[in-house]
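Student: Here's the letter readout for the chains.
Protein chains: 2
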Amino acid sequence: MRIHVQNPAAERLFPITPAQWGAALARHPELSDLRVSFADNDHGFAAAMRDAEVLLTWTKEVKARFPPGALPDIAPHLRVIACTSAGLDRLAPFDWLPDGVLLLNNRGAHAAKAGEFALMALLMLASHMPRITAAQREERWEPRFGSVLGGRTLCVVGLGTIGGAAARHARGFGMRVLGVSRGGAPHPDCDEVHRTTALDEVLPHAEFLLLCCPLTEETRGLLDRRRIGRLPVGAKVVNMARGAVWDQDAACDALDAGHLDGCITDVALPEPLPPGHRLWRTPGMTVVPHVSSDDPGTYNVRTLDILFGNLRAMRDGKPAPNRVDPSRGY
Amino acid sequence: MRIHVQNPAAERLFPITPAQWGAALARHPELSDLRVSFADNDHGFAAAMRDAEVLLTWTKEVKARFPPGALPDIAPHLRVIACTSAGLDRLAPFDWLPDGVLLLNNRGAHAAKAGEFALMALLMLASHMPRITAAQREERWEPRFGSVLGGRTLCVVGLGTIGGAAARHARGFGMRVLGVSRGGAPHPDCDEVHRTTALDEVLPHAEFLLLCCPLTEETRGLLDRRRIGRLPVGAKVVNMARGAVWDQDAACDALDAGHLDGCITDVALPEPLPPGHRLWRTPGMTVVPHVSSDDPGTYNVRTLDILFGNLRAMRDGKPAPNRVDPSRGY
Chain A
1 MRIHVQNPAA ERLFPITPAQ WGAALARHPE LSDLRVSFAD NDHGFAAAMR
51 DAEVLLTWTK EVKARFPPGA LPDIAPHLRV IACTSAGLDR LAPFDWLPDG
101 VLLLNNRGAH AAKAGEFALM ALLMLASHMP RITAAQREER WEPRFGSVLG
151 GRTLCVVGLG TIGGAAARHA RGFGMRVLGV SRGGAPHPDC DEVHRTTALD
201 EVLPHAEFLL LCCPLTEETR GLLDRRRIGR LPVGAKVVNM ARGAVWDQDA
251 ACDALDAGHL DGCITDVALP EPLPPGHRLW RTPGMTVVPH VSSDDPGTYN
301 VRTLDILFGN LRAMRDGKPA PNRVDPSRGY
Chain B
1001 MRIHVQNPAA ERLFPITPAQ WGAALARHPE LSDLRVSFAD NDHGFAAAMR
1051 DAEVLLTWTK EVKARFPPGA LPDIAPHLRV IACTSAGLDR LAPFDWLPDG
1101 VLLLNNRGAH AAKAGEFALM ALLMLASHMP RITAAQREER WEPRFGSVLG
1151 GRTLCVVGLG TIGGAAARHA RGFGMRVLGV SRGGAPHPDC DEVHRTTALD
1201 EVLPHAEFLL LCCPLTEETR GLLDRRRIGR LPVGAKVVNM ARGAVWDQDA
1251 ACDALDAGHL DGCITDVALP EPLPPGHRLW RTPGMTVVPH VSSDDPGTYN
1301 VRTLDILFGN LRAMRDGKPA PNRVDPSRGY
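Chains A and B are the protein sequences, given in the same order.
With the working numbering, the residue at position 301 of the first sequence is 301, and numbering never jumps.
Basically the working numbering = 1-based index in the second sequence + 1000.
For reference, chain A alone in the conformation it holds in the complex (with noise of 0.2 Å):
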């Protein structure tokens, strides 16, 4: 099979390199055939591109590459495309995906440094890390005592790989779990699953709230403004979702208030977030710069195990477990 890697131009963290590519063959033997080639510029694209069966890549190089109509011309033997993020939705709508064309996502490449960094901002939350911030910004020593984890309740929308990692954790440390997905099945680390249709019921419950879903036509706007004010007086919310997920202005509103006791945000409307915006002043607001997920220490090592999962199950005659459903936009 003839794979492709193209890396962003000037990609200095995260580029895949053939050091990295030779360490997963070796994980994998049974993949040995695959025949690669790697490129960070325009030429090599398109040199690639005229035998490619599979490309590995990131969002921003599909989006830029790929027009809509334009595809099969550029790259007539391409099967399979593998992006390196979890989230496609910068890539919507997909009208410029050919039928025969799968699409898959990195659905789980994230899981483990997310769910630290959900763990994390649940702790920084616990003991009011964000206001504490805001005071030394000021330079003012005013002691607010936080409490433990335990017994406290967490909702989590969006029971992905990001979602179920960070239930598996907080419940390690005695919260209960309330889930919302948009399905509402079963999840083995939640108390409790409800679906995105019943989201007004649970908030009222949610002394934490976590989101984490992906950003769909569905959950854009998921967290308004009336919703922000069905969560209870104190409540805590990180989003490790997109930016437009919820209302942020909202959110600030809700900090000033009162209402809400702090923020962890780790997505921006928009990014870069620009000097003078709000969000950055807003006490009780922290604002991380989308970092929360990637570890230039192990994410490529996982990007590949998971695209040779991929290929090793579609080789097999199987679902490829990280095939995105277009009409679904994850």
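Check each hint, because a few of them may be wrong.
What the hints assert, rightly or not - Below 20 Å or equal to it, Euclidean Cα-Cα: the simulated SDA-like pairs (lysine to any residue) are:
id, chain 1, residue 1, chain 2, residue 2
1, A, 60, B, 1143
2, A, 60, B, 1145
3, B, 1060, A, 145
4, B, 1060, B, 1015
Claimed, not checked - Not close to chain B: a few residues of chain A, all C-beta gaps over 12 Å, as computed:
id, residue
5, 10
6, 64
7, 72
8, 99
9, 152
10, 182
11, 198
12, 216
13, 289
14, 314
15, 327
Calculated from the structure, these hints are not laboratory results.
Every residue gets a Cβ at the ideal spot worked out from N, C-alpha and C, and that includes glycine.
Got chain A sorted already, so can you dock chain B onto it with the hints?
Tutor: Frame of chain A; chain B shown alone:
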């Protein structure tokens, strides 16, 4: 047995109440013959000390009420002073304490909350949160990618209940834990334990360093400028001990120079830290106002359980687990 609880005047968050006392007695029916009194003023204190055998109070109350030589006249029947703090460095030197009076600390009351705080601090440092909150202060979106804890090396200085809880959490996330204690005895949650006298040899391995030892004449200035220099480049330091255990100024210099990646300190010299102090402003230094170990929701429950456990041990003729050795200071 006659016991008196002296709360500080105007203590709002942590006063020990008759209701809490009653609930604790219900958990320890073998101590139901304790006769208790409560006060938060001078008059109530003086009246109770005429016949009290046990005093439960705050270190600042002990410090204020028993100047050297005064105790026998003020409290002729007193046999036990139980303090609600774990670290009693504020009571040194112990020349005010007659030989016949047993001093108990509150070691163990902090383990759950402090252990979670320690894990939070390690996760924050692994994600460069002190640098990220410093960038937020300046409204700069500067992605810095972090790592998972697994495989990294943590050195824990002080293996009391706080250090032990921290070591246990860190191991749960796959860290290698090197303990440092006075005696160097093996610890179930440490991969190795070294004596404090070997600290110089351990520091070069400490990607993460957690200070949680008592402040004594031996530990004052323990992490001085020279020892900070022995930490590896990019090291991350948590101080949950006392401000005097490290050289604050040298830590700030090492952050400014890029030798240290980040610090989170729950303690400062002096406390409260005044506005304008360098500690507030050094990028990479997160200042927490001495709240890491106290959870108002559970603190007094644990405090009373610890006291009752000690009283039962004494009644049974066994050593009191929380006995402080004035010659050691903890």
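Student: Each hint should be assessed against the structure and marked as holding or not.
Tutor: Against the structure, the hints:
1. 60(A) <-> 1143(B): Roughly 17 Å between the alpha carbons, so the hint for residue 60(A) and residue 1143(B) holds.
2. 60(A) <-> 1145(B): 19 Å, holds
3. 1060(B) <-> 145(A): Since the Cα atoms of residue 1060(B) and residue 145(A) sit roughly 19 Å apart, the hinted pair holds (cutoff 20 Å).
4. 1060(B) <-> 1015(B): Roughly 14 Å between the alpha carbons, so the hint for residue 1060(B) and residue 1015(B) holds.
5. 10: Label holds. Min Cβ-Cβ 15 Å, cutoff 12 Å.
6. 64: Holds: least Cβ distance 20 Å, greater than 12 Å.
7. 72: 36 Å, holds
8. 99: 36 Å, holds
9. 152: Residue 152(A) is in fact no farther than 12 Å from some Cβ atom of chain B, at 10 Å.
10. 182: 28 Å, holds
11. 198: 29 Å, holds
12. 216: Correct as stated: the minimum Cβ-Cβ distance to chain B is 25 Å, above 12 Å.
13. 289: 5 Å, violated
14. 314: 29 Å, holds
15. 327: 32 Å, holds
In this structure, the earlier hints numbered 9, 13 are contradicted, and the remaining ones agree with it.
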